[in-house]
Amino acid sequence: MIELSEEILLRMYYKMNQARFFEEKVEDLLKRGIIDETVYLSKGEEATGVVSGLALEKGDLVSMTHRGHAQAIGFGLDVNLMMAELLGKSTGYCKGKGGSLHIADVLNGNIGANGIVGGGFTLSCGAALTQKHKKTGQVVLCFAGDGATNEGSFHEAMNLASVWKLPIVFLIENNLYGMSTPIAKHMNIENISDRGAGYNIPGLTIDGTDFLEIYDVMTKSLRYARAGRGPVLVEAKTYRFCGHSSDDPQVYRSTEEVQQWQEKDPLFRLKKYLQENRVFTGKQLETIEGEAKSSIEQAAEFALESLEPDITTVLEDVYA
Amino acid sequence: MMEINEMKKMKYRDAIRLGMTEEMRRDDAVIFLGEDIGRYGGAFGLSAGMLDEFGEERVLDTPISEAAIVGTAVGAALTGLRPVCEMMHMDFVTLGMDALVNQGAKMHYMFGGQAQVPLVLRLPAGTGDGAGAQHSQSLEAWLCHVPGLKVVTPSTPAQAKGLIKAAIRDNNPVCFIEPKALYQTEGLVPLDDDYTIEIGKTLIERPGKDVTIVAYGTLLAKAMEAAAFLEEEGIEVEIINPVTLYPMDMQPIVESVIKTGRLIVAHEAPKTGGVGGEIAARIAESEAFDYLNAPILRLCGMDVPIPYSKELEASVVPQRNDFVHGVYRLLNRE
Ligand SMILES: Cc1ncc(C[n+]2csc(CCOP(=O)(O)OP(=O)(O)O)c2C)c(N)n1
Ligand SMILES: [Mg+2]
Chain A
1 MIELSEEILL RMYYKMNQAR FFEEKVEDLL KRGIIDETVY LSKGEEATGV VSGLALEKGD
61 LVSMTHRGHA QAIGFGLDVN LMMAELLGKS TGYCKGKGGS LHIADVLNGN IGANGIVGGG
121 FTLSCGAALT QKHKKTGQVV LCFAGDGATN EGSFHEAMNL ASVWKLPIVF LIENNLYGMS
181 TPIAKHMNIE NISDRGAGYN IPGLTIDGTD FLEIYDVMTK SLRYARAGRG PVLVEAKTYR
241 FCGHSSDDPQ VYRSTEEVQQ WQEKDPLFRL KKYLQENRVF TGKQLETIEG EAKSSIEQAA
301 EFALESLEPD ITTVLEDVYA
Chain P
1 MMEINEMKKM KYRDAIRLGM TEEMRRDDAV IFLGEDIGRY GGAFGLSAGM LDEFGEERVL
61 DTPISEAAIV GTAVGAALTG LRPVCEMMHM DFVTLGMDAL VNQGAKMHYM FGGQAQVPLV
121 LRLPAGTGDG AGAQHSQSLE AWLCHVPGLK VVTPSTPAQA KGLIKAAIRD NNPVCFIEPK
181 ALYQTEGLVP LDDDYTIEIG KTLIERPGKD VTIVAYGTLL AKAMEAAAFL EEEGIEVEII
241 NPVTLYPMDM QPIVESVIKT GRLIVAHEAP KTGGVGGEIA ARIAESEAFD YLNAPILRLC
301 GMDVPIPYSK ELEASVVPQR NDFVHGVYRL LNRE
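Chains A and P, in that order, give the protein sequences.
Residue numbers for the first sequence follow the UniProt record's numbering, beginning at 1 and rising by one.
Residue numbers for the second sequence follow the UniProt record's numbering, beginning at 1 and rising by one.
Chain P with its partners taken away, still in its complex shape:
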């Protein structure tokens, strides 16, 4: 681990910008492209000021052409640049899917290891905006089904900075999922410009011995709140954040389940076909299976498009109390 001296409190959104900015200063091959990212500063104000610092050659406002954004990024990455591109909402990645899935993800392998595609696709995701069915999805499971892609999601400002830097330095296509609901959350962020978060390494966010919760994105904070509440009742929850959703580092999860014998996996994305099912299956295949004292519980989004009404919207994704009740259930306390 690097030495971390100075820290500054900042928003998740600003931490991503700081990470991108540092990498663009460090390496001239890093370019940034997307819709309305220049003078406007991005739909969420994330890239404010970057055009002024790096100019139009490196901060490129594109037409509304997602297929061209992703395809151009793949082509540029293949030939020596290190593009970072932004989809205004993760939902629009579906328009760039051909270049990502059929081209970028496979090139290194398909070309016998001779090529590399170092690109980062930034994907603002999830609910909380009242933006409805086409602007609120969490599509990570689609991406986690494509060998050759890496899929990461930071849950705190510090992770956001460290992970965007690691993603930019990585020599593979990295899908970087940013839950929009976290943009305004604050936390201490290391200012060290070599601070990175290792891709492919699962983190233990909170140690405990009674129940293991695997959560990421917006649900990490909700799980942490539930754990703090349960602590008052003498229940010790261990919280694990995979950070890299694909390929996932399972060992810390396996070890945790061996210790606690109880597992909850959680995400906002719909339950069916989700990343949580994959984690549960891997636990079932592992030596941890023999240690399970209760069925594995998945706390996930409902299998439904995201509704517009804010009340309905909140009802389709797990909340803090769902974690509390889930833990009770696994401990037979309900």
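Excised from the complex, chain A in its bound form:
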């Protein structure tokens, strides 16, 4: 098993907590009607987004999904600007015009979350083509869900990326459902990584609740892509603890199933590792948690205090 430095583990624990608190804060704001727009939460799935973000090198790019908050935090986006965007405020990443589904920081390599399921596959091909063309040595990390791999764009992107040896790591967050549809009803294979074979792309399945395995496999996959050997398809099995969206009655799954996965809570697993290996003392862990929590409280305050977008700006930015 790989060993991670204390510094990485510290950042990981801090960001995993941030991601969890972020989602819980948003849940709360939704409940209170302060946010009543469309938002998808990733509670329970934070490890894939956060840990793979930490495996990136400076300058690497990322394409996110509709369930992208943890992905954004892993990549290093500012939680203040994220929260402000969710509240539709002028200080948000997209000046309140994009929302959760379109958080982006393009100049810094985050080419955006996506409201179109599967929308990121081919965009990632383009972003990777730019890296190849400009010989930047950077890699594109493309997030997608299990359901998204049933879009035609998945096939076209895999094939193109393989033939052109594009530097992309496709990370499929397989949370076992596409909205309400269980994976067994929407594809006839057990492991999505098997799909890589059809394109001669290495396909790997990992435990998406295990930070060590994610970090290990993502580091190696990014290195492979960076070396010009072509794309990699990584499938991380994970689970969302919350509903698909805020008005999801969750009739399609049992509470036992949810409980079983809650026992594998990736945040809890990380904490347990840190305790058992005495990486940090109980007190240190508490401090990290507290700091993460207060960063989210501050983000919410920042967002709440920010101004609504000025109505006269509505026609700005249609054209560059």
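A portion of the hints provided could be inaccurate.
Cut-off 25 Å, straight-line C-alpha distance, at most; resulting in silico cross-link-like pairs (DSS-like, lysine-lysine) [what the hints assert, rightly or not]:
id : chain 1 : residue 1 : chain 2 : residue 2
1  : P       : Lys310    : A       : Lys25
2  : P       : Lys201    : P       : Lys106
3  : A       : Lys31     : P       : Lys310
4  : A       : Lys293    : A       : Lys271
5  : A       : Lys135    : A       : Lys220
6  : A       : Lys165    : A       : Lys271
Note that these hints are calculated values from the structure, not bench results.
Quick caveat: nothing in here was measured; it's all calculated off a predicted structure.
Given chain A's structure and the hints, the job is docking chain P with the ligands onto it.
Chain P with the ligands only, in chain A's frame:
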């Protein structure tokens, strides 16, 4: 017209389900396919209970594969089924556009009249959700540019039921646009299971003599509210709902403009290249042109992607007061 006896108050959303359900009972060839429409009952709860009644053979949950949904529907329609399919949001029709535009719409003509493609594509559209730029569009003008497609949009629960039934019985591909903001609105709906709304027939929703407003979808109710307000001031607005956007029955609009001499056309979709421009052009080409006493006014969505912030969102589509001021303007009362 059929005899309409019994009426029941219900939501627009439930009226669509009732219409679909009646047609599925009536004709075994009608199937329903889409994402999460089965046990889950659809993203908007529209198809709740349909899986229980019709089973998995006829209510088919698909993978997230819009191109396959529309293509499969075209192929099934061509060979004897009558599929109804649902795009979770109208925005996603763009992923199924090849099968719809290059295949389904053209087959009857291209094959010399030998084939027919009786399918219904249900398209939840428009603003109001705070769902942002990729989940709030009104793309009807794209569809109204494709000969062979029919494009309809009901504005009340009764119309929703009557029109979905007519769409299912039609032997052509029908794009059925459902403004999401109307789903929870209520109205009386005929329970008669032969009640249909004729496709290709424009309706006069409110008679008047001073100004004609053509509006559909969410804007019909806003125009009606404005008309009620203006009535207090002695202004009589005639409101026309085309119901079928393509091919459109223009005659009632032409006649109305001859009577009133003033025309407002309205929709949520962006103004440029919109259906409203087509209506205005047809009036300009018709005998009604000589009767116009004022320029034609288009009250439409702004030429901008739909912003996320709810305040911004509401600012880019016409509101009730825009109709009131539009009428004043045409009557030189401002
Ligand atoms: C093209 C398209 N089709 C359908 C939807 C509606 N939709 C939003 S999320 C979602 C489920 C996506 O499933 P998956 O890719 O597994 O991601 P998850 O939500 O499980 O994270 C669906 C169907 C969409 N946004 N875009
Ligand atoms: Mg999923």
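Okay, the hints, checked on the actual structure:
| no. | hint | result |
| --- | --- | --- |
| 1 | P:Lys310 x A:Lys25 | 20 Å, holds |
| 2 | P:Lys201 x P:Lys106 | 23 Å, holds |
| 3 | A:Lys31 x P:Lys310 | 17 Å, holds |
| 4 | A:Lys293 x A:Lys271 | 15 Å, holds |
| 5 | A:Lys135 x A:Lys220 | 20 Å, holds |
| 6 | A:Lys165 x A:Lys271 | 38 Å, violated |
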